[in-house]
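Chemist: Starting from the known structure of chain A, arrange chain B with the ligands on it as the hints suggest.
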Amino acid sequence: MMANTNGYLVGSNLERVLKAGHFAVTAELGPPQSAEGDVIRKKAGLLRGYCDAVNLTDNQTAIVRLSSIAAGAILVQEGLEPIIQMTCRDRNRLAIQSDLLGAAALGIRNLLCLTGDHQTFGNHPSAKNVFDIDSLQMVQMVTAMRDERTFQCGDSFKGPEPRFFVGAAAAPFADPVDFRPLRLAKKAKAGANFIQTQLVYDIPAFEKFMAKVRALGVHKQTYILAGVGPLKSPAMAKYMKSNVPGILVPDELIERMELAGAPWAGKSKEELTKDDKKARSAAWQAEGIQICIELINKLHQIEGVSGVHIMAIEWEDAVRPIVEGAGLSPRPVVTESPPLAAALG
Amino acid sequence: MIIAEQKSLEELKSLVGTAEKVLVVGCGTCVTVCFAGGAREAAITSASLRMSSKLDGSPKQVSDVTVQRQCEWEYLDQIAEQVGQVDIVLSLGCGIGVQAIAEHFPQVWVVPGLNTKFLGLPTEQGVWAERCAACGDCILGLTGGICPIARCSKSLLNGPCGGSEAGHCEVSPDIPCAWQLIYDRLTSLGRLNVLLDLQPPKNWRTSRDGGPRQIVREDLRLHIEED
Ligand code: SF4
Ligand code: SF4
Chain A
3 MMANTNGYLV
13 GSNLERVLKA
23 GHFAVTAELG
33 PPQSAEGDVI
43 RKKAGLLRGY
53 CDAVNLTDNQ
63 TAIVRLSSIA
73 AGAILVQEGL
83 EPIIQMTCRD
93 RNRLAIQSDL
103 LGAAALGIRN
113 LLCLTGDHQT
123 FGNHPSAKNV
133 FDIDSLQMVQ
143 MVTAMRDERT
153 FQCGDSFKGP
163 EPRFFVGAAA
173 APFADPVDFR
183 PLRLAKKAKA
193 GANFIQTQLV
203 YDIPAFEKFM
213 AKVRALGVHK
223 QTYILAGVGP
233 LKSPAMAKYM
243 KSNVPGILVP
253 DELIERMELA
263 GAPWAGKSKE
273 ELTKDDKKAR
283 SAAWQAEGIQ
293 ICIELINKLH
303 QIEGVSGVHI
313 MAIEWEDAVR
323 PIVEGAGLSP
333 RPVVTESPPL
343 AAALG
Chain B
307 MIIAEQKSLE
317 ELKSLVGTAE
327 KVLVVGCGTC
337 VTVCFAGGAR
347 EAAITSASLR
357 MSSKLDGSPK
367 QVSDVTVQRQ
377 CEWEYLDQIA
387 EQVGQVDIVL
397 SLGCGIGVQA
407 IAEHFPQVWV
417 VPGLNTKFLG
427 LPTEQGVWAE
437 RCAACGDCIL
447 GLTGGICPIA
457 RCSKSLLNGP
467 CGGSEAGHCE
477 VSPDIPCAWQ
487 LIYDRLTSLG
497 RLNVLLDLQP
507 PKNWRTSRDG
517 GPRQIVREDL
527 RLHIEED
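Going line by line, the protein sequences match chains A and B.
So for the first sequence, this note's numbering puts the first residue at 3; every next one is plus one.
So for the second sequence, this note's numbering puts the first residue at 307; every next one is plus one.
Here chain B stands alone, though its shape is the one from the complex:
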């Protein structure tokens, strides 16, 4: 899922600026699960903004609402009326949610309440870690199900580099070395031979390097028959 983190109250205040009517919009999917932008966080953020604006001597009208998914038009339609009544929308969705609101409500000024971090999972209570960089051409089949694109600090295809030490990456003792993990896993599965092949340079076109990406599935599109 998409992992995000809340911006500081200071930054939220500066983003909201002088707007008087504020709608905080939470999202019920990924950012709810990672405790960054669900209904609970939306309510807390809205209360914090209300209180701090009061303390600052210029009280704002701040309300909040949470939709099932900010990244789908049909859920955004449900809040069209509330959105129309405010000066600014503070989205607690991921970067996709913020942009969906901007795209769906052309007249509305929307600002992000979260920093969208990565695609990952909770490895334990309170800890989230990156797992996928959406490179567009998955090579997990070559690496025993551990992604070197997202999890090796240098995205090496023929790792590990010389900086791997005691299981962690040269960048930080808190980052496990992806190539140590790959090596260990392939060794324990008796498939170390996979690592002896030279992996050729990756085709990054399928990644962001090919420009913004889009998928079109003709089989799923709604074609309006012309008569």
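Next comes chain A alone, as it looks inside the complex:
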């Protein structure tokens, strides 16, 4: 019994928006390090109406947080559409499949398959990791659960299959850089319906990546959403540039951030009043948001980019001004069946 998805693979809002040819917007929501569901409701309120679906991170950077599926279920209650993230670090193939059956039963219809940061980064570095399967194998596994109604072991199952619009991540600037377009192609081949990339700040570098992706035809096999995120301060920009693998931050953007804080630059820490610091933060944040808007506008022009994924970590209220500033608000509501030509995905 195949679920009636009205011509869609899954019929999630994200799928509808992408298949209708709209430039999609997704945003990230980090669940709390506590059992407080209200935080999620509050953050959801900040994102409502400004994105097509919301990513719920899965123990991001290997720090224990409220589960992505539980957070996703809260979002469903709130009338927002979740994309639950699932890493290979914490669950074996049994746990992943079982949790995804549950997630589907809770009304969750988008999934992002990730390898997961190594546990030594997080708050339980002495934990044993799993990595039973990798992210590509997870894509393949959940696609087969949806399309063939089989578990990873090959057994078929009766009853409703979990139907997910399946995503995977891409790190365009991680090493070995030349292999990245090929690895993305592998993810599309595994069945990824959409891709969300690592943060993009360096447009020329991303254009080069996309040229290779287009040459492989991958943009016609999967929807590519470019990752963007507002810079909060020059220090954050510098930190990401030198400490986070696979993120390129051009000096020009760091200089712009510094310039935004220039009126307060001459003063020592002690000289800065509380109000000074507040004003400086506001100036940095305004510039960060402005840069993000400009990045989105440039990404919009690149052939093969189907949308953006906004990662405003612990700064969810930046999403609204970014989406409005980029002219991507209001978000489309797609009610009709997909156009026949939208066979992609």
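It is worth saying that the hints were derived from the structure and are not from the lab.
Glycine included, C-beta positions come from ideal geometry on N, C-alpha and C.
Mixed in with the good hints, there may be bad ones.
[Claimed, not checked] Computed footprint of chain B on chain A; a stretch qualifies when at least three of its residues, placed anywhere within it, have a C-beta under 8 Å from a C-beta of chain B: (1) 96 to 104; (2) 134 to 142; (3) 174 to 181; (4) 184 to 196.
Modeler: For chain B with the ligands alone, kept in the frame of chain A given last:
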């Protein structure tokens, strides 16, 4: 080979506890080559325990002996008498050696003097690195002779993950990224196409995940003919 490292003297002392007669047993194979538990280390350990127990005011009788291989009964038979005369055996063998002594001498209290680390090799003088995780189903033929199970921090079969940077793994700048190595090697051999195939999930049953492993070779077993 098996690479191991010595435990601290503090830990050795606490493991030996109040035992008065101690036999330190070295092993002449892997742990000799990696300078952790050979005859030389056994002699030094035994001397250190003797001296420190003297300093602590309760001198112990500590002697040492090294066998060719602690993991074979025939070599352990050679030290049966010495083992029978002590309160405790401190094995400087790998974890297999310690267990072989426990299994072969049921009456003897044996404690480990080493931490057994991994299966690997010396990459340069004084540096040892892991190479194999004994997964039981070798896939080196798919990866140009570089093991992603043991050498990729996430044991990925379709790597590299997004954390690979400038040749090293996201876990530490001191760990080469196995998938960068695989990529480089296959590229230089003109076999990059191997990496374009999706590798299916691994069958971990052949690994420790299938439970403790054992190999039985009927062709090699000694069958006693019954008449
Ligand atoms: S594939 Fe398995 S057997 Fe081969 S080197 Fe790696 S861990 Fe060892
Ligand atoms: S950086 Fe390389 S070695 Fe480390 S986990 Fe990722 S692919 Fe494996």
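Chemist: Please write out, lowest number first, the hints stated earlier that are contradicted by the structure.
Modeler: As far as the earlier hints go, only 1 is violated by this structure.
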